[in-house]
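What follows is the residue order along each chain.
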Amino acid sequence: MLQLNGNSNLIGDATLMDLRRGEAAVLEGIDLPGDEARRLMELGFLPGARITAGLSAPGGDPRVFRVDGSEIALRRETARRMTVRLEKAPRTR
Amino acid sequence: MSDCASCHDCGATPVLETPLSGATATRPVALVGPPNSGKTTLFNRLTGMRQKVANFPGVTVEQHTGIAELSDGRAVPIIDLPGIYSLSPRSEDEQVAHDVLKGLRPDTPKPEAILLVLDSTNLSRHLMLAAPILALGTPTLIILNMADDLRNRGGRVDVDALAAKLGAPVALVSARQGDGIEQVFDFLAGAMPKPLARELPVLQDVPKCREWAGRVGSHARYRAPAPPKWTHRLDRIFLHPVAGPLVFLAVVVAVFQTIFTAAVPLMDGVRRLFEITGHWLTAALPDSLFRSLLVDGVWTGVGSVVVFLPQVLLLFLFIGILEDSGYLARAALIADRTMAKAGLQGKSFIPLLSAYACAVPAILATRTIENKRDRFATILIAPFMTCSARLPVYTLVIAAFIPERQMLGVLSTRAAALLGLYALGFVAAVATAKALKSSILKSGRTQFVLEMPSYRWPTWQSLGLRLLDRSMIFLRRAGTVILLVTVVLWILAHLPLQGGHAPAIADSLAGRGGRLIEPLIKPLGFNWKIGIGLITSLAARETIIGTLGAIYGMDPASHGVALQKAIQHDLTPGGALALLVFFAFAMQCISTIAVVRRETGGWKWPAFQFAYMGALAWVGAFLAKSLVA
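These protein sequence lines map, in sequence, to chains A and B.
Using the working numbering, read the first sequence as starting at 1182 and increasing by one per residue.
Using the working numbering, read the second sequence as starting at 1178 and increasing by one per residue.
Certain hints may be false.
With the C-beta cut set under 7 Å, the calculated list includes, among others, these residues of chain A facing chain B [what the hints assert, rightly or not]:
| # | residue |
| --- | --- |
| 1 | Ala-1195 |
| 2 | Met-1198 |
| 3 | Asp-1199 |
| 4 | Asp-1216 |
| 5 | Glu-1252 |
No lab work stands behind these hints, which were simulated from the structure alone.
All C-beta atoms, glycine included, are put in the ideal place defined by N, C-alpha and C.
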């Protein structure tokens, strides 16, 4: 379990799952067991990283996220455990 | 790093036999890199055909070794380690890489040097792996791969500045096109400078490592390339809510068509080849028991497995194209939600599809699944899929017992029965997967993480080497295990001698074996003749047909209709249904058992699988018989 900046409750508990295609957010914390969180961090999901939601499988799960130059697909269960700070003006591609 | 010069000859690890020690006595050079860094392409480029694949003893990690030949004729052994994101040993892959690099594995000497392969189009993240690798103190060449992509997409990096910052030589190469490869050979020849002083981050701290990697990158004036335009364009089709599944379906149909339709003439060709050469052998050798052993035992037995080679090759050609092009990751993404319902994941889909041809290549194809528990679950259920060796048995029994009638206008009764058997195997697979994934192979649903590589053209070299590699594994099975089993089965069918001649099969050891297991199979409605067939079908399922033909004393060439008549004599309709169900569930295939042992690194899983599938087959067959009776 890893929680950094404590100000996430200012915006509510937004998670990666709340992002729609083309929207971006800044990662705040990963609420997953240590090993899993570490694997995600090694893939670029670090607190403070900017993450853009991309395409998904039919039905929206799993979804591809663009982070640190790579595209990584996560299941809904994983995305739900990753809290984010939404960017003020979501961009659409 | 200062103590690294002494480490060269520190003698901490005794130089033991390596797979390559026959060719050269030097310690190997290790090839390390994250997944999707093009490491395997570079390995192929460096070693060409001079490769070997085996398993690291005691674990399920595949060990690729090869020899790079330098211009001065020296041969450098290269060991291709599994793709890793970090050196902290958590997964089995990382443990093996960690142990090899630190010289902790008794079977592999500590590497003389390291080739660290990183994707130059994603350098900031991939550089994170440089920290733990450089901290090892082994002379290291940092290879920035995919230079062509970086250039084409407008990225750049200052190689000299990077080398200065890292205190290690850096080479910008394109393994796919061969650009810059000479720098790697120069390093192997010892022409590259020795490591210098450098500062490294705290290795356990991922954010610190990433920060360090970013700093190093910006020092080297790294400019990340523009996003891959073509990949995004293609993904808009392949991951489109409507077009995506349609493309996926087309790919699945193409795979299916290839392994069932296109492979058939080739398989018939191989079968004919074995028949013709068998006749030659019969004609060339004097009539003796030895000839019978050679032709009926060894040659026919090996042929019955080699027949599947065309299917295996076509299947791996397909999987190779799908994987190397990057589509496999998209297919896995699309299939994931459906597979997750059975507790599996998207990457299990293609191996399970392959299992409809043959479980052996399917199990070899599970290599693409990184999560070990998901991989084992896929291996354990793959033999439930209706493989092509079951078809001749199904066809024979269905033709003998089910009258041909039209049902619902479109489907004949026989086709419906066949479909039912396919469905039965599928349901057993799904139920088993669910049971396994909620018990002994349980893993969290959050552990599925799938990197989407950019689309690339597969190279002929990489496809060719992959086919060679997989077919060698397959043929080695046929050449060793199957050879042994067929010889043993032949001996069982031809001993004890009666007056210098082989006995009638009923009086042979196999016949006695059939009688011995008769009490066990009697409740299923099988007599000792079927029992013999069950024993011999362990070599390959369809062998039971040849065996029954031999028991009923029929010419194998004309046994079609006559054999149907004969088994109608020996089986009740209930027994026939029981036999079908038994074949749907039982793991009667030595090749599969052998390959599961290889891929799971021991006898535990194949033993469990054999017992489980056997028990299920018995119970299923018993229920089927009781149902009809």
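For each hint, the structure was consulted:
For Ala-1195 of chain A, the suggested interface contact is broken, since its CB lies about 18 Å from the closest CB of chain B, more than 7 Å. For Met-1198 of chain A, the suggested interface contact is broken, since its CB lies about 12 Å from the closest CB of chain B, more than 7 Å. Interface hint at Asp-1199 of chain A: violated, since its Cβ lies 17 Å from the closest Cβ of chain B, which is beyond the 7 Å cut-off. Interface hint at Asp-1216 of chain A: satisfied, since its Cβ lies 6 Å from the closest Cβ of chain B, which is below the 7 Å cut-off.
Evaluation of the Glu-1252 of chain A hint against chain B yields a held restraint, the C-beta minimum of about 4 Å falling below 7 Å.
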